[in-house]
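Q: Single-letter residue listing:
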Amino acid sequence: MSSFDARRVRADTPALARIINGQRITYLDSGATSLPPRAVIEAMSRYYELRHANVHRSVFQTASEATATYEGARESVAHFINAPGGAGEVVFTKNTTESFNLLAKSWGEANLSEGDVVLLSEMEHHANIVPWFMLRERTGIEVRFIPVTDDFRLDLSSVDELMEDVKLVSVTAMSNVLGTINPVKELAATAHAHGALIAVDGAQSVAHDVTDVADLDIDFFAFSAHKMLGPTGIGVFWTRAEILDAMPPFLGGGGMIADVRLDGYSCAGGPTRFEAGTPPIAEAAGLGAAVRYLEGLGMANVAEHERALTGDALTRLGLEFEDRVRVIGPADTTHRGGVISLDVEGVHPHDVAQVLDQFGVCVRPGHHCAKPLMRRFSLPATVRASYGPYSLVRDTDVLIEGLRHAIEMFA
Amino acid sequence: MENLDNLYREIILDHYRSPRNRGELPSPPAIRTEGFNPLCGDEIVVYLDVEEGVLANIKLTGHGCSISQASSSLMSSAVKGKTIEQVRDVITTFKQLMTVHESTLQPSGEPVKVDLRAIGELAALAGVVKFPVRIKCAMLAWNTLSQGLDELGSA
Ligand SMILES: Cc1ncc(COP(=O)(O)O)c(C=O)c1O
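Protein chains in written order, with the numbering used here: chain A, 1328 to 1738; chain B, 14 to 168.
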């Protein structure tokens, strides 16, 4: 039914031609950062080579082209996530982390006070924890956590009690450690039924499945370009126009003002109010290209492709290693994405990753910036393999071969 | 896999599988020092019993990768029973071993050669320098030991 072909995506991705330790690279770290296709790199080069100019400033030809590229990226992103209010709801930030800091600092400080509760989950990335702790220090809010069950899901059995005094629910759409995909739409309904808003961390989900913020009926959405085949240095903060319009500015400076006098300033309207200073213009060009590239692939196709890879990997890891390799995450592909955390019995994740590197395999050892979750499962670290639209079953083959070697070596 | 065998020498794997001087010492009188590697979550606790200028006993607890665990075990064997001055010399030598690329270039341009024969089993860790991200794993125990000795000096 679809023309999606992972081998074609692979051919579009120059970084996959690298030879590492004499072998073709096996890139299984898309959860940390994904590899851009040529279209993204070329879009950025075009900006630098043909129309490098500042945005929103000058009248000359290349400057208006640069502005059109930058604002065009905003349009593309709005379309990609189906923002009901269009481009005017899309704020460019540095990354997901900055988007959450913007949320906590601007919206949080204006709308939350002592006694109010922000409800997170135990499987959040530090990006969606630390800004709330910082806000707690300033305002005396309470930060509460939805527990995670032994089978790696949000424990929503007492969600109504957890919702008491909650003004904001802030959860990840997909865990960057477990691969768990959370029931965001249900959580949004629950939050709204209790008079709270809901923010969603889309860093992991956005490159791996369809995103429709209108259908999910959520209020805030944050993600990073570099995890969706785009460049580093740019991220997105989305919220509904009526919320955005009421949010106080974040950083101050040029670009975000309507007027500055000797006795004060007034702010610009719309997303630019949150984009002080020269923005990441080349990166916006890259992000726009990444979004168009992903739309060309079809996000439903990408999701299906990665689900097949994940299912195959989970089955084969189980058959090959039985209990020697434990998957820290849901055992099958139900509500689960292509992020597979492994605990290899008797071999430290660092050592597993080191051995895998000799096979040209890129995986990530560590706590994945989710220390509360690691503590929950009494693990100092895991080895994480994660897939992208360019991944093939062959990548899993090399992973398994490398794991076999690591186990032999340390047995 | 030649590279890998250079890193994971048999001595290293042996110290990883059967670490020497594991355990605790009552503190006080022992000096207890903790070391962390926040990036990889490695942790170590070093206990030092110093009597009349001699490191009479050393014990270690903690967890981490094979390199950090083997390095701490090898370290404990290398320094136990030595005078504090000798221990400091071993630490200096080991630090040199882990930094051949940068700081051992003398003004004359002559690199300082660490005499591998003089450092016994510790030489097994020489391969770590080829894996820059692992140097901090190998150094964790040594930095913690240094810190412990500093506490001793200031006590
Ligand atoms: C779920 C999740 N949230 C937030 C982040 C932070 O993204 P960034 O480092 O791009 O700000 C990541 C990436 O590591 C992530 O996986």
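Be aware that a few hints might be false.
[Claimed, not checked] Listed below are the simulated DSSO-like cross-link pairs for lysine-lysine, each with C-alpha atoms no more than 30 Å apart in a straight line:
#1 A/Lys1698 x B/Lys72
#2 B/Lys72 x B/Lys108
#3 A/Lys1698 x B/Lys149
#4 A/Lys1698 x A/Lys1432
[Stated by the list, open to error] Short, incomplete list of chain A residues facing chain B, as computed with Cβ under 10 Å:
#5 Asn1348
#6 Ser1484
#7 Ser1485
#8 Val1674
#9 Lys1698
#10 Pro1699
#11 Met1701
#12 Leu1706
#13 Pro1707
#14 Ala1708
#15 His1732
#16 Met1736
#17 Phe1737
Read the hints as simulated data drawn from the structure, not as lab findings.
Given the structure is predicted, the values throughout are model-derived calculations rather than measurements.
No residue lacks a Cβ here, since even glycine has one placed at the ideal position from N, Cα and C.
Q: None of the hints should be skipped; say for each whether it holds.
A: Results of checking the hints against the structure:
1. Straight-line distance between C-alpha atoms of A/Lys1698 and B/Lys72 comes to about 28 Å, which keeps the hinted pair within the 30 Å bound.
2. Among the hinted pairs, B/Lys72 with B/Lys108 is consistent with the structure: their alpha-carbon atoms are about 21 Å apart, no more than 30 Å.
3. With a CA separation close to 20 Å, the supplied pair A/Lys1698 and B/Lys149 stays within the 30 Å bound.
4. Between A/Lys1698 and A/Lys1432, the direct Cα distance comes to roughly 23 Å. Compliance with the 30 Å bound is thereby established for this hinted pair.
5. With its C-beta approaching chain B no nearer than about 7 Å, A/Asn1348 sits inside the 10 Å limit, and its interface hint holds.
6. Given the 10 Å rule on beta carbons, the hint for A/Ser1484 is violated: about 30 Å separates it from the nearest Cβ of chain B.
7. Taking 10 Å as the C-beta cut-off, the interface hint given for A/Ser1485 is violated, the closest approach to chain B being about 31 Å.
8. Contact between A/Val1674 and chain B, as hinted, is supported at the beta carbon level, the nearest pair being about 8 Å apart and thus within 10 Å.
9. Given hint, A/Lys1698 at the interface with chain B, holds; its Cβ is 8 Å from that chain's nearest Cβ, closer than 10 Å.
10. A cut of 10 Å between beta carbons decides the hint on A/Pro1699: the least distance to chain B is about 13 Å, and the hint is violated.
11. At about 8 Å, the closest approach between the beta carbon of A/Met1701 and any beta carbon in chain B falls short of 10 Å, and the interface hint on this residue holds.
12. This hint holds: A/Leu1706 has a C-beta 9 Å from the nearest C-beta of chain B, less than the 10 Å allowed.
13. Using the Cβ-Cβ criterion of 10 Å, the hint placing A/Pro1707 at the interface with chain B is satisfied: the shortest such distance is roughly 4 Å.
14. Hint status for A/Ala1708 relative to chain B: holds, with the closest Cβ pair at about 5 Å, below 10 Å.
15. Residue-level restraint check for A/His1732 holds (minimum Cβ-Cβ distance to chain B is 8 Å; threshold 10 Å).
16. Interface hint status for A/Met1736: upheld, as the beta-carbon distance to the closest one in chain B is roughly 6 Å, under 10 Å.
17. Interface restraint check: A/Phe1737 against chain B, minimum CB-CB distance 7 Å, threshold 10 Å, status holds.
The structure fails to meet hints 6, 7, 10 from the earlier list, while all remaining hints are met.
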